[in-house]
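K.L.:
Line by line, the protein sequences are chains A and B. Be aware that the first sequence starts at 1, since it is given in my numbering, and climbs by one per residue. Be aware that the second sequence starts at 1001, since it is given in my numbering, and climbs by one per residue.
Derived by calculation from the structure, the hints in this document are not laboratory data. These numbers come from a predicted model, not from an experiment. All C-beta atoms, glycine included, are put in the ideal place defined by N, C-alpha and C. Nothing false has been slipped in among the hints.
Examples of chain B residues toward chain A, derived with CB under 8 Å:
{"no.": "1", "residue": "1027"}
{"no.": "2", "residue": "1059"}
{"no.": "3", "residue": "1065"}
{"no.": "4", "residue": "1081"}
{"no.": "5", "residue": "1088"}
{"no.": "6", "residue": "1183"}
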Amino acid sequence: MKCRYTIFYIMIMAAVSGQAIAQQEQDLLSLLGREETTEYAAASFKTNRVINLHSLENTSSGVLDAKISHRFGFLNRGVYDLFGLDESTVRIGLDYGISDLWTIGMGRSSFDKTYDAFIKYKLIRQSSGLRNNPITLALLGTAAIQTLEWANPKRDNLFSSRLYYVGQIIIGRKFSNSFSLQLSPTLVHRNLVRTTEEENDVMALGIGGRIKLSKRLSLNTEYIYVPSGQLDPKYRNSLSIGFDVETGGHVFQLHFTNSTSMIEKGFIAESVGNWGDGKIHFGFNISRVFTIVKPRE
Amino acid sequence: MFTRFLFTIFLIPACTLSGTAQKYFSKTAKVSFVSEAPIEKIVSTNNSGYLIMDVATGQLEMSVLIKGFQFDKALMQAHFNENYMESDKYPKAFFKGRITNISTFSLTNEGTYQAELKGDLTIHGITRPFSTQAKMIANGGKVSAEGNFEVAIADYGIEVPKVVRDNIAKQVKVSIRADLQKL
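Next comes chain A alone, as it looks inside the complex (with noise of 0.2 Å):
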């Protein structure tokens, strides 16, 4: 009996001392418990713009992006301009990170000679791991400055009649490695409208998405509904449809949009384009990006 006991006794020790070796053989590293560290989803587009929208990236901390977008003029125009290219409407621009959080930015358009400058802030960075954020939402703050000529100098003319604003919350997802999307509900005021049926305060929301098809290469696309009532009817919603191609520091965006201008106050409230009638624009942006203050370690 005593004997039976301990043998009784030793299997089971021997089983629980066993099993105890043969968990540490296997697993050594879950002693040490999970990385506690925070992911943030980086790199949902390959550029702080979809296309002409501007999209959940910001420009990395210390890091200068020179930017120089292209419209040529429009498709329909035929082969005596051949297909547009003889026109063009250029902005060249300059975006810095001042922290991950704050990038600020401002740019000169040919389209109106407008001066322009923004400054976006991330509030919530889509994340995973310790801190856990199913969506990134960014707030994104703009001015600009049109420059033209009075059209009737005689008339008492405001300095403020040039200003644009527009403020626009953007907020949106990656889903996945090669899918993302994005909201952009928009406000554009202008100081000055043409006529007295057209708003100063124009509601908008811009819907803007990629789809990675290689891991260099993605098709985006973008469109700004802006309920009907607020522009003159000649004014159309924008669409935009485009290719990123990216190249070790240069990212290269090459569309079809029916918008001329590349910053919100226009392309949101001036786009005259029609897609139905061909009047869309071929255009490119092209990013280089400098390092200017390297990272600490």
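Starting from the known structure of chain A, arrange chain B on it as the hints suggest.
P.N.:
Below, chain B without anything else, positioned relative to chain A:
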């Protein structure tokens, strides 16, 4: 009765011993790599590697989060994660193996030992047999470890497009430094 008692006292310590066998660990192992190619030299460091070793069995495991590698250029870091290491798919690189000559060590005394490591290295989701040497310095209950080795990136399915083949080395030099403490 007496035999049972005897077995009990004999087995309990044996059991607890195996449970608390001497282990050393670090959560701040420094993993750096250098890629020296004709056009570009790329250096990156991750200061939060996990390393644990069991002195009783010689077992050693290490893991490092790919997204934790820091670069001088933000875009380089983005490309490293997105295009080369695919860190969304393969978040970690890890080594699981054994110090084959651990029986010759006595880490409780001061001394320097040459550890022979043998096991499996997993990078970019690909596991390959791997062996290298590492130096272990025991000093007053603490152990510091350092190792250097080279990794052929093609072995781990990391593709380098032709346009940048002069920017990225085929062999990447990896170095690891860790100060281990008792678990």
